[in-house]
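Colleague: Below are the chains, spelled out letter by letter.
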Amino acid sequence: MQTTALTSDQLDTLREVANIGAGHAATALSHMTGRHIRMSIPLVVGLPTDQLPASVAEGDGGRIVAVRTHIRGDLAGDTVLTLSAANARRLCDALLFRTTPDGDQFDDLERSTIMETGNILAGAYLNALAALLHLVLLPSVPELLVASMEGYAASWRRRTNGLALCAATEFAIPEESGDVVLRGTLLHLPDVASLRTILDTLAVR
Amino acid sequence: MPSVLICDDARFMRTVIGQVLGQYGFTVVGEADSGPRAVERYFALRPDLVTMDIVMPELDGIAAIRQIMERDPTARIVVCTAVGQDKHVAESVAAGAKAFLVKPFKPAQLMDAVDRALATNPR
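Order-wise, the sequence lines are chains A and B.
All letters in the first sequence, in the order written, are residues 1 to 205 by our numbering.
All letters in the second sequence, in the order written, are residues 1001 to 1123 by our numbering.
Extracted from the complex, chain B is given alone in its bound form (with noise of 0.2 angstroms):
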């Protein structure tokens, strides 16, 4: 069963996401609320998979999109936010984001999206 973090500052969104993956079979093993707590949760967690918001407290999520590629060349994460604009899109791909999805969202393009990113870097 793959692991993922949730990574947003809106309790709602995390709860929403963690409903559409834990109905795909997805074992949700963390949430965090801003980018210092998403480094450091994918760091203790190792999760399979990670969703990260953009606009978050302290550190945006491609910062810390970053920090986490820094030092894990293979995470796999999808982008889930509300700014779509073609500067973002391009900056989370350059940080490593293996997806990117703009809010809100089905569950199915969720899915195609978790699918996409789970493609790359077979483990």
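So here's chain A without its partners, still in its complex pose (with noise of 0.2 angstroms):
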């Protein structure tokens, strides 16, 4: 299956699908955070892979940080949380009730708090699908990721072959004054098959 072959009817369902699953997630990330959460409308993209981090990732010209979980069980694929390193950062001082200078470097704990906000995030994120699909879906233990973007790039490469569709959603935490004071991406990298299944179980031609 081609993305570009994708009907409309198909392209609005999976950006429904999506939308479920990022609202979940949206969910547990406000309740970890105890802010309220502005989540974008999922953008649902077929696009050549090598394309891809640019098009979702902040251009801050930083470093990236993105926690990866493979899906297991009745769907195949990918959950990707994509943060830019002053994002990540911003995110383990409202976790961790601190205030530290800005810096791409993560400690352990960190980075423990990163992988296990990208892991609730997925485990949202697929429990809503579950439920939607009647399908049971698990998250794998999450793999973090500190790179440029040029290295950020190259993974997505190496580990997205094959890969043809992504529902990207954008979370942000803003202040009263209107400004975000934390924003991300969180992807949904179905395989072929998997994106034919949930076409299939939501009876989309």
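Be a bit skeptical, because a hint or two may be false.
Label-pair distances were calculated between CB atoms; the ranges are [what the hints assert, rightly or not]:
{"#": "1", "chain 1": "B", "residue 1": "R1116", "chain 2": "A", "residue 2": "I41", "range": "35 to 41 angstroms"}
{"#": "2", "chain 1": "A", "residue 1": "R38", "chain 2": "B", "residue 2": "T1027", "range": "36 to 42 angstroms"}
{"#": "3", "chain 1": "A", "residue 1": "T201", "chain 2": "B", "residue 2": "M1069", "range": "32 to 38 angstroms"}
{"#": "4", "chain 1": "A", "residue 1": "E150", "chain 2": "B", "residue 2": "P1073", "range": "17 to 23 angstroms"}
{"#": "5", "chain 1": "A", "residue 1": "L144", "chain 2": "B", "residue 2": "Y1024", "range": "29 to 35 angstroms"}
{"#": "6", "chain 1": "A", "residue 1": "T7", "chain 2": "B", "residue 2": "Y1024", "range": "51 to 57 angstroms"}
{"#": "7", "chain 1": "B", "residue 1": "D1072", "chain 2": "A", "residue 2": "V136", "range": "27 to 33 angstroms"}
Only part of the chain B face toward chain A is listed, based on derived beta-carbon distances under 7 angstroms [as the list claims (entries may be wrong)]:
{"#": "8", "residue": "R1011"}
{"#": "9", "residue": "F1012"}
{"#": "10", "residue": "M1013"}
{"#": "11", "residue": "V1055"}
{"#": "12", "residue": "P1057"}
{"#": "13", "residue": "L1059"}
{"#": "14", "residue": "A1082"}
{"#": "15", "residue": "Q1085"}
{"#": "16", "residue": "K1087"}
{"#": "17", "residue": "K1103"}
{"#": "18", "residue": "P1107"}
Simulated coverage check for chain A against chain B, where a stretch passes if three residues somewhere in it have a Cβ under 8 angstroms from a Cβ of chain B [stated by the list, open to error]:
{"#": "19", "region": "25-33"}
{"#": "20", "region": "105-116"}
It should be emphasised that the hints constitute simulated quantities derived from the structure, not laboratory data.
Built from N, CA and C at the ideal position, the CB exists for glycine as well.
Each of the two chains sits in its own frame; use the hints to bring them together as a complex.
Modeller: Following this line, the structure appears as structure tokens:
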């Protein structure tokens, strides 16, 4: 299945699937941080995979922090939480109740905090999809990548061979002033067979 | 003071759970970051309570619960996990878990689950 061959009904369905999953993930993030989470409408795209990192990562020129979990069970693929290093630092500060200077080096506790956030968001996303699709889904132990944009893109190319579709949802924690204090992206990258399973399960032709 | 063993591959989550339970008078006697380590630590420490993640390296939490319950059916284990699908709840309970909690959770929710677990198999 090529994403260019997806009909508008299929894309609309996949967007709604991502919306439901991301909604649960946003709720989980809201509970973790104690803050209101603003969520974008999921962007469901089929892109050459080497273009994907630049389309979803915040281009602040710094390092990229990504938490990848492999989806196991009735579907296969990955979920990836992507943050700029600055946003990952803000996430750690919010969850560890402290303020630290900006920097792209993370100690063990901070790395664990970022990974567990990715794990919880992936779990919430997959729990929602499992309920919607009547499937059993389980995230793997999360992997953390802290890399330059080039390193992130290279990792992406190595790991997403064959993946043709990405559902990206942007999360943001706004301040009362409207300024965004934390921004990140959750990606769902089903493999081609899983894409077919999702659409067949929902009887979308 | 009840003793607790916290099993989670995320140090952050072990810290959070430990802080909450510490505030309620529990003593954290050990931590484990994998399934095999959870089983080994349980039988070395014999805690009053165990919190167990499901997705962990080497051996998942449900398999670890089975191994613990096989040798000590009185173990009181609360599952704390990001995966809350019916199948995982059912498998955890069948394995012997006394309560099931989906992350993220509030301290009151954790303590409610802990109370339910401790109410079983009084020691």
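Colleague: Next step is simple, just say for each hint if it's right about the structure.
Modeller: Structure-based check of each hint:
Between B/R1116 and A/I41 the beta carbon distance is about 40 angstroms. The supplied range of 35 to 41 angstroms therefore holds. Checked against the given bound of 36 to 42 angstroms, the beta carbons of A/R38 and B/T1027, roughly 41 angstroms apart, stay inside it. The hinted range of 32 to 38 angstroms is satisfied by A/T201 and B/M1069, whose Cβ atoms lie roughly 35 angstroms apart. In this structure the hint that A/E150 and B/P1073 lie 17 to 23 angstroms apart at CB is violated, the actual value being about 55 angstroms.
For the pair A/L144 and B/Y1024, the supplied restraint of 29 to 35 angstroms holds, since their beta-carbon distance comes to about 31 angstroms. About 54 angstroms separates the C-beta atoms of A/T7 and B/Y1024, a value consistent with the hinted range of 51 to 57 angstroms. The hinted window of 27 to 33 angstroms between B/D1072 and A/V136 holds, with their beta carbons roughly 29 angstroms apart. A hinted interface residue such as B/R1011 counts as satisfied when its beta carbon comes closer than 7 angstroms to some beta carbon of chain A; here the least separation is about 4 angstroms, so the hint holds.
Given the 7 angstroms rule on beta carbons, the hint for B/F1012 holds: about 4 angstroms separates it from the nearest Cβ of chain A. Checking B/M1013 against chain A: minimum C-beta separation of about 5 angstroms stays under 7 angstroms; hint holds. This hint holds: B/V1055 has a C-beta 6 angstroms from the nearest C-beta of chain A, less than the 7 angstroms allowed. Nearest Cβ of chain A to the Cβ of B/P1057: about 5 angstroms, under the 7 angstroms cut. The hint holds.
Against a cut-off of 7 angstroms between C-beta atoms, the interface hint on B/L1059 is violated, since the closest Cβ of chain A lies about 11 angstroms away. The criterion of a C-beta within 7 angstroms of any C-beta in chain A is met by B/A1082, whose closest approach is roughly 3 angstroms, and the hint holds. A least Cβ separation of about 5 angstroms between B/Q1085 and chain A falls short of the 7 angstroms threshold, and the interface hint therefore holds. For B/K1087, the suggested interface contact is upheld, since its CB lies about 5 angstroms from the closest CB of chain A, less than 7 angstroms.
The beta carbon of B/K1103 is positioned within 7 angstroms of a beta carbon in chain A (closest approach about 5 angstroms), and the interface hint is therefore held. For B/P1107, the suggested interface contact is broken, since its CB lies about 12 angstroms from the closest CB of chain A, more than 7 angstroms. Check on the region 25-33 of chain A: 3 of its residues sit with their Cβ under 8 angstroms from a Cβ of chain B, so the three-residue criterion for coverage holds. Residue count for the region 105-116 of chain A with a Cβ under 8 angstroms from a Cβ of chain B: 6. That meets the three needed, and the coverage hint holds.
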